[in-house]
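**Q** Each chain is listed here by its residues.
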Amino acid sequence: MDDILLYFAPFTIPFVVGTLFLFIAVGVKWVLWLMRLPRVDKLLIRRGIFTRQTLIAVWEVIRESLLHVRIFKHNPVLGYMHASLAFGWFLLIAVGWIETTVYLGADFVPLQGHVFFKYFAPHLALQEHYAVFEQLMDALLLIVLSGVMLAWFKRLRSKALGMRRTTKHVLFDRIALSALWFVFPARLVAESLTVAVYGGGGFLTGSIGGWLAEVVPADVLAMVYEPAWWFYSCALGVFFVAMPFSRYMHILTEIPLIFLRRWSLRPNKERRSYDNFEVEACSRCGICIDPCQLQADLGLNDTQSVYFLRDRRYNMLSLKIANNCLMCGRCEAKCPVGINLNTLRLNSRAKRRNIPHEGRYRYLQGIDRSSGMGKVGYFAGCMTSLTPAVQRSMERIFEAAGEEVWYADRDGGVCCGRPLMLSGETDAARKMMESNRALFRKHEITTLVTSCPICLKVFKEEYHLEGVEVLHHTEYIDRLIAEGRITPKSDNTAYTYHDPCELGRGCGIYDAPRRVIGAVGKLAEPKHTRRDALCCGSSLANTVINDGQQLRIAQRMTAELEATGCDTIVTACPLCNKAIARAATRPARDIAEIVAKNIE
Amino acid sequence: MRNINFGYGISRPRVINMDNNDLRKSNAIIAEMPELQACIGCGSCTASCTAGNLTDFNFRKLHTSVRRGEYKGAYEELSKCMLCGKCRLVCPRGINTRGLVMLIKRKLGDF
Ligand code: SF4
Ligand code: SF4
Ligand code: SF4
Ligand code: SF4
Chain W
3 MDDILLYFAP
13 FTIPFVVGTL
23 FLFIAVGVKW
33 VLWLMRLPRV
43 DKLLIRRGIF
53 TRQTLIAVWE
63 VIRESLLHVR
73 IFKHNPVLGY
83 MHASLAFGWF
93 LLIAVGWIET
103 TVYLGADFVP
113 LQGHVFFKYF
123 APHLALQEHY
133 AVFEQLMDAL
143 LLIVLSGVML
153 AWFKRLRSKA
163 LGMRRTTKHV
173 LFDRIALSAL
183 WFVFPARLVA
193 ESLTVAVYGG
203 GGFLTGSIGG
213 WLAEVVPADV
223 LAMVYEPAWW
233 FYSCALGVFF
243 VAMPFSRYMH
253 ILTEIPLIFL
263 RRWSLRPNKE
273 RRSYDNFEVE
283 ACSRCGICID
293 PCQLQADLGL
303 NDTQSVYFLR
313 DRRYNMLSLK
323 IANNCLMCGR
333 CEAKCPVGIN
343 LNTLRLNSRA
353 KRRNIPHEGR
363 YRYLQGIDRS
373 SGMGKVGYFA
383 GCMTSLTPAV
393 QRSMERIFEA
403 AGEEVWYADR
413 DGGVCCGRPL
423 MLSGETDAAR
433 KMMESNRALF
443 RKHEITTLVT
453 SCPICLKVFK
463 EEYHLEGVEV
473 LHHTEYIDRL
483 IAEGRITPKS
493 DNTAYTYHDP
503 CELGRGCGIY
513 DAPRRVIGAV
523 GKLAEPKHTR
533 RDALCCGSSL
543 ANTVINDGQQ
553 LRIAQRMTAE
563 LEATGCDTIV
573 TACPLCNKAI
583 ARAATRPARD
593 IAEIVAKNIE
Chain G
668 MRNINFGYGI
678 SRPRVINMDN
688 NDLRKSNAII
698 AEMPELQACI
708 GCGSCTASCT
718 AGNLTDFNFR
728 KLHTSVRRGE
738 YKGAYEELSK
748 CMLCGKCRLV
758 CPRGINTRGL
768 VMLIKRKLGD
778 F
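Residue numbers (our numbering), protein chains in the order written: chain W, 3 to 602; chain G, 668 to 778.
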């Protein structure tokens, strides 16, 4: 049989060159990224590699990189599109490999021999059992083709796949995308023509080939047969060459990313080499576009995570795009690749002048305007000082519970540092954090209650307050009620609750506020709630949008809250409160206020 | 009773000769944030300021001077701002004051 199988034909050259290029380019990228990892990250890899996590990662690669289970859960049609392309193609390669091995034994066959098997071994069609492979390969090809059709359809009409918007692409994407669209139809044509000339074929290529043999004269068939294989090989070659520079790099990047993540590597406030894996793992699926209120409410179409990652990847990220994000986390919650979008956005803001000059914030030294005594500390936060009703309500609650409280900033204090951190000045922010931290230590508190979710998040993540329990006031009040230390009376007021981004998606606190509201009245949930809750638009993370734009976002989300028919809107963040209050037609209250009001 | 600092004070009378001031940077700042021209100088930003509560940092005075082309010391002074965002919430003209702090620092500093 060997005499009929010469694995070389000129048309295979584009494919072989493309494949080699792909392997080298991807190899170079991976090696560079891994080499540039800081020592701590390398240590994490060394610690993680021989643990169970590696096996879990293998399983996750199968689930996510091949089957795309998460996209499937988000949207079955879109999931099918990704899975049919990825898994279908994978099986085509795998079954193709088995096919060649079965018929040629375990002898070495060069890559193009596997891929263009039908060209090199058309006579196998006459062999026994071969029909099984023919049918199987045809079925797989059909599945992949259906995915390609969906992709075409998605370009034309994204709504059909449950997406309002689909991503705009860069040049390399267009090249790769066009090539990819042609790969499988070209394969179908080439194989069908081969069948038309030599016979055989499964239900798909067989029928098309048979039909071609009938209607097309034999000399024409012989003439277009070779060019058809050329076209298929070129489409593959072009795709492979464009791939490392296009969105399709995500196919190969997601695999190492899954492993690295299982070995507990994470992006950080400072840019690191690991970020490359996250940035290039973005498939530009565009799922993050629709949840973004900057898109939905303001019609901004260049700042969503998909564009931000694209710009960052190609080194064309502008300061404006980096800064124009609420960091609400709505997109991150939906991203099927699980990219840490907020952290990447944050570390893109780090400025060249991040290192503060020595004298910066020297005035913070020794500042202590605290008052009161007690093991429980209350840090109202800057924003709370603009909503004195919240502060008063908390004092009322502390008093009712008989709690001795140390007030950290009743007469003015130092900002928690998170706003400055959000603008990229992490090192300067640290000076503020140290000042507050020293204050907490000096007064030896064991519990720290704050009314501001922005402060809460930074206390939890950056302050390292070992031995001090950090609580949001909703958690604290929830605890007081559970322990029977306060017993607010319940009335029939209808409340609806707005989940502040920093409290909900930021700190994972969803239930405590709901229990507290349930204890004083009735709670109705708005359309978007919990992990899916909308942002109030006033987020400190965004320094680009103007007042009118903030207001528009607030109006849209407040309208949704009011659609529940509530009497009072409740939230648990002074900043959200302010944003809602100016857009609402009914009262907006902090949770502390409604509790304090209902204490005897 | 302790003296309550509302953030207001009396500045020494000064004469600004606009002909001597180089307004290029000021113009660039206003071009990027035209809403700054809507400032009525009410001083609410200064009154609510977290940093102003702890130091003599005066945001209104600062951005007004910068607008008039007086940049001396403005960058260093603005480094006292904590970017906490209270001023933005109280500004009756809805000026993006946090963005302004960053903008002025970017134009006057070297990043
Ligand atoms: S960031 Fe996530 S959701 Fe957005 S396009 Fe990339 S992979 Fe899709
Ligand atoms: S974090 Fe929020 S504002 Fe930023 S891109 Fe995502 S959805 Fe849009
Ligand atoms: S609060 Fe607004 S209008 Fe008033 S001085 Fe400050 S920036 Fe100007
Ligand atoms: S952001 Fe700066 S200027 Fe504005 S109130 Fe806070 S410290 Fe003052």
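None of these hints come from the bench; they were simulated from the model. Warning: the hint list may mix true and false statements.
What the hints assert, rightly or not - Computed Cβ-Cβ distance ranges for the label pairs, DEER-style:
#: 1; chain 1: W; residue 1: R41; chain 2: G; residue 2: G708; range: 24 to 34 Å
#: 2; chain 1: G; residue 1: R691; chain 2: W; residue 2: H466; range: 39 to 49 Å
#: 3; chain 1: G; residue 1: P759; chain 2: W; residue 2: R558; range: 21 to 31 Å
#: 4; chain 1: G; residue 1: R735; chain 2: W; residue 2: A565; range: 25 to 35 Å
To be verified - Okay, derived cross-link-like pairs now, EDC-like style, lysine to aspartate or glutamate, Cα gap no bigger than 20 Å in a straight line:
#: 5; chain 1: W; residue 1: K462; chain 2: W; residue 2: D429
#: 6; chain 1: G; residue 1: K772; chain 2: W; residue 2: D429
#: 7; chain 1: W; residue 1: K433; chain 2: G; residue 2: E699
#: 8; chain 1: W; residue 1: K322; chain 2: G; residue 2: E743
#: 9; chain 1: G; residue 1: K772; chain 2: W; residue 2: E360
#: 10; chain 1: W; residue 1: K44; chain 2: W; residue 2: E272
As the list claims (entries may be wrong) - Which chain W residues face chain G? A few, computed with CB under 8 Å, are given here:
#: 11; residue: I58
#: 12; residue: V60
#: 13; residue: R362
#: 14; residue: I369
#: 15; residue: G414
#: 16; residue: C417
#: 17; residue: P421
#: 18; residue: L422
#: 19; residue: V546
#: 20; residue: N548
Think of the CB as a built atom: it goes at the ideal place given N, C-alpha and C, for glycine as much as any other residue.
**Q** Given the hinted pair W:K44 and W:E272, is their Cα-Cα distance within 20 Å?
**A** holds (16 Å)
**Q** Please check whether W:R41 and G:G708 have a Cβ separation lying inside 24 to 34 Å.
**A** violated (53 Å)
**Q** Decide if the proposed pair is consistent with the structure: G:K772 and W:D429, CA atoms, cutoff 20 Å inclusive.
**A** Satisfied, since the Cα-Cα distance of roughly 16 Å is no more than 20 Å.
**Q** Holds or violated: W:R362 as interface residue toward chain G, Cβ cutoff 8 Å?
**A** Result: holds, 5 Å to nearest chain G Cβ.
**Q** Go ahead and decide if the range 21 to 31 Å is satisfied by the Cβ distance of G:P759 to W:R558.
**A** With a Cβ separation near 23 Å, G:P759 and W:R558 satisfy 21 to 31 Å, so the hint holds.
**Q** In this structure, is the beta-carbon distance linking G:R691 and W:H466 contained in 39 to 49 Å?
**A** holds (46 Å)
**Q** Given the hinted pair W:K322 and G:E743, is their alpha-carbon gap at most 20 Å?
**A** violated (24 Å)
**Q** Identify whether the interface hint at W:C417 stands, where standing means a beta carbon of chain G within less than 8 Å of its own.
**A** holds (4 Å)
**Q** Hold the hint about W:I369 up to the distance rule: shortest CB distance to chain G must be less than 8 Å.
**A** This interface hint holds because 6 Å falls under the 8 Å limit.
**Q** At a threshold of 8 Å, is the proposed contact between W:V546 and chain G supported by beta-carbon distances?
**A** holds (7 Å)
**Q** Keeping to a limit of 20 Å between CA atoms, is the pair of G:K772 and W:E360 held or broken?
**A** holds (17 Å)
**Q** Can we keep the W:N548 interface hint, with Cβ of chain G closer than 8 Å?
**A** Check passed: Cβ of W:N548 comes within 6 Å of chain G, closer than 8 Å.
Taken one by one, the earlier hints fail for this structure at numbers 1, 4, 7, 8, 11, 12, listed in ascending order.
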